[in-house]
Amino acid sequence: MIALIFSGRIKSFEKCYSQFKKNILEPLKNHEIHSFLSHNSKNELSNIDDFKEKYNVKAFENCELDLAPYKSVLPLHRFFTSSYGTLYLHYHKLRAFNLMTTYAKEKNIKYDFIIHLRADVFYESPLAVHGNFDDNTLYIPSQNDNAGLNDQFALGNYKSMKYYCSLFNHIMNLCANTKVGYHSETYNLFYLLKCNIVRFTLKTSLSPDRYDKINTITNVANDKVSVNIKSPLQQPFVNGK
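Under our numbering, think of the first position of the sequence shown as 3, with each following residue one higher.
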């Protein structure tokens with residue numbers, strides 16, 4: 003059994019769904035899949051029922067995050083294109099993870115592994131990750147690092163994903179300890195320094211209909227920071243039930 007943790011906008015999910023079904027759901031067809039969603043756009047509630055049906059959503063919430071307190075104390079990165087709006091991503095993946103945890107306890111369910119992903123992304127190649135889902139290992143695609151570490155997709159067991167989804171709780175500590183202004187992928191990299199990161203190929207592109215701007219800064223080497231990131235797998239996952 004697998005849990006999908008969705009954070010962020012669902013505005014363009016219908017345009018992205020066919021590729022999601024083909025390249026995410028189809029490789030996982032031997033597993034029962036439950037989805038969980040947290041987002042903060044009241045304008046998107048009109049199509050929430052369609053989303054819940056197609057993605058088998060077991061729990062969702064619509065809750066606002068006030069960015070004003072963060073804007074007053076959290077500087078943005080000096081060099082990389084950044085936005086306070088990406089705080090929503092980290093806030094809602096934490097909220098969605100908590101929804102999943104509550105549901106699993108109520109239903110006495112244990113998920114084999116958990117995936118964090120976005121609904122406003124085109125998944126252009128099949129998900130194919132294999133390996134041991136131990137407590138300190140995360141599987142993160144080798145693309146879209148934006149001078150840090152991909153923050154759009156991650157896969158792991160309950161313990162590793164609980165840590166991964168808790169970045170939002172450590173935003174201010176990361177700012178204080180690293181002396182680096184906020185940039186989502188950079189903070190994701192610093193936060194996961196102690197984790198065993200396994201990279202694999204998963205081709206994606208953000209839907210042009212989403213509200214957020216695409217960060218165009220890409221080709222900065224991760225090896226400038228000491229972090230245990232393995233080379234990409236040839237055919238990075240999932241056989242069996």
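Everything labelled a hint here was simulated from the structure, so no lab data went into it.
One should not assume that every hint holds.
[What the hints assert, rightly or not] Cross-link-like lysine to any residue pairs, in silico, SDA-like; alpha carbons within 20 Å at most:
1. K23 with A130
2. K161 with N138
3. K31 with H132
4. K73 with T88
5. K73 with E55
6. K24 with S207
Note that the structure is a prediction, hence the values are computed from the model and not measured.
A quick look at each hint next to the structure:
1. In summary, the hint linking K23 to A130 is supported, as the alpha carbons are separated by about 14 Å, within the 20 Å threshold.
2. Distance restraint check for K161 and N138: the Cα-Cα separation of roughly 8 Å lies within the 20 Å cut-off, and the hinted pair is therefore satisfied.
3. The straight-line distance between the Cα atoms of K31 and H132 is roughly 15 Å, inside the 20 Å bound, and the hint therefore holds.
4. A distance of roughly 12 Å separates the Cα atoms of K73 and T88; the hinted pair therefore holds under the 20 Å criterion.
5. Proximity of K73 to E55 is assessed by CA-CA distance (about 36 Å); at most 20 Å being required, the pair is judged violated.
6. A threshold of 20 Å between alpha carbons decides the hint, and for K24 with S207 the separation of about 15 Å falls inside it, so the pair holds.
Comparing the model with each numbered hint stated earlier shows that hint 5 is the single one that does not hold.
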